[in-house]
Amino acid sequence: MEHGSLTDLRSSTFSLTDEDHTLANSARFALNKDPRVEFCGYSIPHPSDNRVNIRVQTTGDPAKEVFKDALQDLMVMCQHVRGTFDKAVVDFRESEHDKEMKIDS
Amino acid sequence: MPRLSALDMPDVPKAQLPPHLEQQRTRVSCKSDAPLHTEGIQYSGAYASMGVDNSLRLDSFSKNFRVEVVRLTEDEIEFDMIGIDASLANAFRRILIAELPTMAIEKVLIANNTSVVQDEVLAQRLGLIPIEADPRLFEYVSENDTAHEKNTIVFKLDVRCKKDDGRIKAKSSELKWLPGGSELQMASTNSNPSTNPNAKPKTYTSFNCRQDSLPEFSHKPLRPKYGDITIAVLGAGQAIDLEVHAVKGVGRTHAKWSPVATAWYRMLPEVVLTQEVEDGKAEELVSKCPVNVFDIEDIGEGRKKAVVARPRACTLCRECIREKHWEECVDLRRVRDHFIFTIESTGALPPEVLFTEAVKILEQKCERIIAELS
Chain A
1 MEHGSLTDLR SSTFSLTDED HTLANSARFA LNKDPRVEFC GYSIPHPSDN RVNIRVQTTG
61 DPAKEVFKDA LQDLMVMCQH VRGTFDKAVV DFRESEHDKE MKIDS
Chain B
1 MPRLSALDMP DVPKAQLPPH LEQQRTRVSC KSDAPLHTEG IQYSGAYASM GVDNSLRLDS
61 FSKNFRVEVV RLTEDEIEFD MIGIDASLAN AFRRILIAEL PTMAIEKVLI ANNTSVVQDE
121 VLAQRLGLIP IEADPRLFEY VSENDTAHEK NTIVFKLDVR CKKDDGRIKA KSSELKWLPG
181 GSELQMASTN SNPSTNPNAK PKTYTSFNCR QDSLPEFSHK PLRPKYGDIT IAVLGAGQAI
241 DLEVHAVKGV GRTHAKWSPV ATAWYRMLPE VVLTQEVEDG KAEELVSKCP VNVFDIEDIG
301 EGRKKAVVAR PRACTLCREC IREKHWEECV DLRRVRDHFI FTIESTGALP PEVLFTEAVK
361 ILEQKCERII AELS
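Here the protein sequences come in this chain order: A and B. Numbering of the first sequence is given in the working numbering, commencing with residue 1 and proceeding in unit increments. Numbering of the second sequence is given in the working numbering, commencing with residue 1 and proceeding in unit increments.
Next comes chain B alone, as it looks inside the complex:
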């Protein structure tokens, strides 16, 4: 008798998992009490006994990976990312929130503040104002570094409420860009005006040239992204006079540097009717769902059946399988490698640019480690 490998037996399926294992591998099941098979199977040899290769093949990844943009506006993008593992999707999300740099107000020099808002609260509010400046054009301020035109943006806020103005609001649009750098003079101890009367007074920045003379800013002045953010409310006679310095940073240090309002993903919901749901039961099922996933279809002879019309709307609230026996008819699942990704930009960069920058950062991380190991 010729030798036969167990894998060559006729009843062993080739390169194909039995349906129940395939479902475990590609779907998360949501039962009424708890989700099932939440953790993906990563180990390359997990299905070796069935002749199925679970290792990563870059060519098949390239073939199967797809991106479909659903919505794209000035500050928001929603897209489907299909054929990628959660670990990578999550890496992109984490980088978007915490590791992409933006410019944000870091220093506030307060010359005068007679408003009811305390200095430190005012500074905190100013820090959170999104600045419309491409962070790729700036450098990080390192320790012992002076503020110069390549790492700092200076704005001035000078508002006062006259006696008969009643009450006014200081808005973010009143932050005026100072392309020439700080205008506040440093109180120096050893300066003697008599020794060198022509010397320029020392300020808090040392710009070598005006920022508006640089080609990247000359056509587009730097300003806060939104002009209608209330900074403080001033009563009669109150005034705020200050200067702010915006620098480059990342969201890991402080959330004000996060370029996204938020970035999140969800797995594509899949709703399957495992049994026909007809007539009265169909009506009941449709009315159970708060987001209208199901529709009713006529099947002739005055009979009706329930169909799954909008599975994408499903929030997995599990209301449809909460009551007894419904779990036998309705199966709620999530597709493990299909992510509905949403990015809300705060305005420094458009959302589609943010995503490509995030992917680049992950690449740089890999590159750095490879270089260190070699």
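Just chain A, with the same shape it has in the complex:
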């Protein structure tokens, strides 16, 4: 759900249900790292509600598009993390295997 004004698209508050610090803090990081963002922060209005509010103010672009781009960046980073991790595990297994072979011979 998005709270913004119709006349000024540069600033919006996004209210996300069923999310917590896990996504909000990562999104805040990605948003703050975007040069188009003037201000970004998040809050959890009440700990019993499964809801976070993310505030985005930009220097000119629509806040919604900037927020979407930030999430897209996060996804690309996650995919890269997964790929790198999988490769590191395979490499580690191979090197362990080589070590065992050397001990045997």
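Everything labelled a hint here was simulated from the structure, so no lab data went into it. Treat the hints loosely; a few may be bogus.
As the list claims (entries may be wrong) - Below are the BS3-like pairs computed for lysine-lysine, each with C-alpha atoms no more than 25 Å apart in a straight line:
#1 Lys87(A) / Lys102(A)
#2 Lys68(A) / Lys360(B)
#3 Lys171(B) / Lys220(B)
#4 Lys68(A) / Lys305(B)
#5 Lys360(B) / Lys87(A)
#6 Lys63(B) / Lys107(B)
Predicted model, so just to flag it, every value in this text is computed and none were measured.
For this one, chain A is given, so just place chain B on it according to the hints.
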């Protein structure tokens, strides 16, 4: 005179921060009284006045991000994750603990329990037993949903201690898998055996087929991961007869569904000797450290100096800088974007699979929000 931007002045370093700011950006300093510069600088324009771009560039992230596996066993992994922000590392940790699903015992149908362990305590103990079942093969039980072969695993526990057995222990290995579903008959009020004598008696589950006829379980029976967990101790003549139903859930609801014993990270410690520490002082420094971070090196002519040999072992107890004047020689820091990540699996999935699944969940979260906004 030609116009000159302040950024083009010869004394302004290009794309490079002065060393003290670079250290603030990449390190957390640990002083004897308190840590310094704990919060990372996220704002993209933080160093704009110095011509340094602090924004996120995906290509440079991809280039600099590294993972190095340190230890990998059946149920534990330790790896270094280098070049990532704490917010993402923490997101992965939080997802591992609270949002990755596993199968755990949720319902306990007690037919008989004459042991000294009360029913509710017994049920609580049973819930915490890790089940060796891949949660990806199961569905969540939604409200008003019946228990069927795709969302429920049924086990039976029937132990009794004979009069002359003394005392016996009921172990988790005695939980027997019932691939055909529940064997307990429901006490129905309106059933009249005379109307339909051939009807199958109604049980607490409605399986359409036997679970062991499904290809994913036929080669590998479902069972508790560890067979040596004591469920209860039975005295002579006591007995437990019950049936348990395991369902899929997440750690946020109850810790029994958490797939990790624990998952944590620490930032890489960095120990720097800012002055030469020699002879007697070197000996003193080595003996100060409880985890042997420092070693002594001979520098000839019978002189010795202290060197940092094992910075990774440092627990940042700050014992070495506690006394006066030591802070001038030893600088304790932590590398802000280097995480030593450890995952201890409870056994449902191997630890390396858990991590990739956690990353996938964060991706799904982003995907969901993007879809909702479009």
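Which numbered hints turn out to be false for this structure? Going through the list in order, the structure violates hints 4 and 6 and respects the others.
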